[in-house]
Amino acid sequence: MSGVGTNIRALTLTLAAMFLVASVGVSYWTVFASDALANDPFNPRLIALTKDRPRGAIVDRNGAVIASSDKTADGFARSYKDRSLAQVTGYASVQFGLAGIEKAYAESLIGQDAADPVSVWKARYLGERAPAGAVVLTIDEKIQKAAADALGSRRGAIVALDPRTGAILASVSVPTYDPNQVADPARAQGAMDQLNKAQDHPLLNRATQGQYPPGSTFKVVTAAAALESGFDATKKLRVDDPYQPDKSWGDYFVRSASHAHGLFDMSDGFRLSENIYFAQVGLQIGGAKLAEYAKRFGVGAAPKVELPASGGQLSESGSLDKPTLVADTAYGQGELLVSPLQMALIYAAIANNGVMPTPHYGAEVRDADGRVVRQIAPGPGGQVISPNTAHALTTMLVGAVEGPGAFAFGGKVPGVHVAGKTGTAENRPGEAPHGWFIGFAPAEAPTVVVAVIVENAPDGGVTAAPLGAQVMRAALGK
Amino acid sequence: MIGAQRLPVPRTRFTELSLLFWVAALAITGFVAVVAAETSSFGPAAIAVPVVFLVLMLALHLFLVARRFHGDQVLMPIAAGLTAIGLVLVQRLASDLVLQQLSWAIIAAGAFAATILIPKDLTALARFKWTWALLGLLLLVAPLMPVIGREINGARIWIKVGPASIEPWEAVKLLLVVFFAAYLEEYREVLSRSPRRIGPLPIPPVPYLVPIVAMWAIAMVVMILEKDVGATALFFGIFLAMLFLATGEAFYALIGLALLLLGGFAAYQLFGHVHVRVDTWLRPFAEDLRFDAGYQMVQGLYALANGGLLGAGLGNGMPERIPVVWSDFVFAAFAEETGLAGALALLALYLLFLYRGMQIAVRAPTTFLQLLAAGLAFIVALQTLVIVGGNARLIPLTGITLPFVAYGGSSLVTNWMLVGLLLRVSEVSNRMRGGP
Amino acid sequence: MEITFGVLLWAVRIGFLVLLYLFLIRAFAALQAALSSEEAVAARPSGIAHLVVQRSVRGAPRVGERLPLRAVNAIGRDAGNDVVLNDEAASAKHALLEFAEGEWWIEDSGSTNGTLVNGEVVRSRERVQYGDEVAIGRVALRLEQ
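Protein chains in written order, with the numbering used here: chain A, 1 to 478; chain B, 1 to 436; chain C, 1 to 145.
Quick caveat, the hints were computed from the structure, so don't treat them as lab data. Bear in mind the structure is a predicted one, so any value in this text is a computation, not a measurement.
So, partial list: chain A residues that the calculated Cβ filter (under 10 Å) puts toward chain B:
hint, residue
1, Val4
2, Gly5
3, Asn7
4, Ile8
5, Leu11
6, Thr12
7, Met18
8, Ser27
9, Thr30
10, Val31
11, Ala36
12, Ala38
13, Asp40
14, Phe42
15, Pro44
Every beta carbon over 10 Å from chain A, so not counted as near; a handful from chain B, in silico:
hint, residue
16, Val65
17, Ile118
18, Val141
19, Ala142
20, Gly263
21, Phe265
22, Asp292
23, Met417
Glycine is no exception: its CB is placed at the ideal position from the N, C-alpha and C atoms.
The following block holds chain A by itself, in its conformation from the complex:
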């Protein structure tokens, strides 16, 4: 064989190697990167999906339509009936893609829910798309309306859920926006520019993503940690405003909201929202124990829900090392950050015998004939505290609403025992504090938990409590 033959073999091998590289390149785009590209909002295939076929409806738990695809001269247009649910429904836009429930249940809304593999297969290979049915949310329009009316134009959020199942009954975030504008190709660009530029971030779902210091509403966590460590809730502690355990704190003092002097037990601490009492409790049980219970209650971890949610933080470093930080955290300040949903879940655990439910916005996926394709029931989370602790806390929370001089008196609902807590959270110096109220009712067998936050409310929790009561009234049918 002449030398050329050898060279030919060498060249062939090189070429074969290059074919292999080409194959790898092709497989990258067809298999590995394909999901990202398929969901690119500018992909004409995706656009054809949204424009040429009606999208499924989004309805509340009783069937009231929240979002639907209406036939127009130019294909189908998405229309949203309830602006207060804007951040929940999200939008389906040709230019800007999907957000919110529209995104979370994207396949279900085009008739290809994962629970129905036949429809998925038919759509992909036969080109037959089943007409989409609907996604049923857990939202109850009655309660939602009450919450939206209650909050009005005040900046903040209200979220109400069922502590037994985690179903979210109402979710309001103000300021809101009009998703119809985003879904309309003609107006979308202008609308989005405005929304992105707005200082108060209307696209943000404050109910799940807002991060605020919890204020006094956090005291239940301190209390739970104490009770489960054997702390005696009936023991009276001396409270003198201002407070510091020893001179080592220098100029740093814990202040009481009512400049209290006297002996307090835990019920008193709740009823009168006494910071110094809880600071002492926190110092007694120690930073590690407090951090442990905060973690058990989900502080620092984002709840798993269909919409983007933030997890907040226990502290900047993640632990409570300095005594001043322990004390501050114990009564709800320090470096704590939580979302309204997280607070609702904490109280839901207390309401639900110590078991924290898993929150969800979706209830069911139905096909075009109304048949249920899939039920969404994620099941309970873990046992966060013992049922005894939960009952003890509930009793004290009822006292916090109904007891003499209770700060949370605004949360009362006639004819029902309400367990709840207000909070007035200091945030940036110079700004008015945020007002919180978290409550559940009926206290004996709770069916609804409400978390309210009003941003920069000069009266703090006192402003928030009546809003919570309004929502609970609607939920309980009163």
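Starting from the structure of chain A, add chains B and C where the hints point.
Below, chains B and C alone, put in the same frame as chain A:
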């Protein structure tokens, strides 16, 4: 006579016929799928075109049998299969062009038959090497001439002959390979002696150095004047490959590659059209490019992504969103509708073609024929790699088309002539050695 | 699920992919078959022709040795050749001696010192008659029946 172990020439080319059967099944199935998707019914019109094509292939097969042709039986069916896939895709992507493509296929078949018949002796090709070189050069600059040259899509590579536009550089590829095969054979003996070296690096002697530099200069000129990056890459690649085949010095090829990259880099800085191509390759999704110069690339990638493993199904994807998909992006369109599975099978067919071509080259009895066959097989392989690489964003996009499959008359004709030449070389080997 | 047009179309599409792969496999098999039969032809011994050693050096086959020939014989220093000549003056792959169309042909495979038939340098492909002397390096071989 001592045990003359000469095999009788087979009366039939059965392997070829049986492979053509598979091509037939493939062509008909493909057309039925595509036309049914268009018209939502299974009608007889679907098989009109493939039947004509298959009759054509059968005619070629019978022609070879009648001539008692003793050459390879696998290459022609592979080419037929690829051409069939091409027709299916043209029907799918640009159905008004399918009759044109079919006509070109008929012309290509004629050219193939002509290549089988003339010249009588292949080695005669080697004698006229300078004629081929001159002809190649003329064809190369023809598009720049005022009367017959024309510019399409920003590249000045076409000439108008009567009603048709053809790309002369397709023919230049073949002429180039023939010329180089002859030239290198002649000088190879001289140069097989140990080359002069500077340290460990071999320096090409003058007879090699001159054409290297000349080729590089011509390639650069072509790229600049005719605005065709792909042709440059191809010419230079063919030249380097044949240089390597003749000398065995990989180093020359590396030097040549370095020169090409250097020239390319300079071109990137100096010439707008090159700059755009490279930019589009590096960041097609950038805001300023994705709806403009990068639109084609982005749409191509969407198509690939939609293909997945088994494809969206023939007729079921949206490859028509890719601009000029029927010539530049057929591979992406095929991958969208037949998935990674289909794309890999297509690549495997080209690899098989390459493999067989190189085998024929190795067995050829003279150096000229070895270089000729290897060079021809290399053209097909390089073209495929360049276009697939461009579609898959491994390298910048070029104007080169996928052999046999993409829409394009001149390309189809020259590629079938290429197959004819390879078959001729294999026949020479078989006749000398009594192969199957 | 009833057999709709959609299902049939899907079947045709899958069929296309299947046929594509079957074609590929059949073509590959045909290629392998062609390759093995070509090799078989090359390896077949050609009968009773031999190369008889006329002159030799130490290490190469001795004078008088009758080396059997096949249809295609690679001659050279490398051990993979059909006729191995351990002479430094011979190249690793020196020449190719073939029987085709009733004649013996010799071709130089790019050797350093060249191949001679009856004293004449072999330029391209030369016919070798019985009785001719082939010189490879310092070894001389005569083709005999």
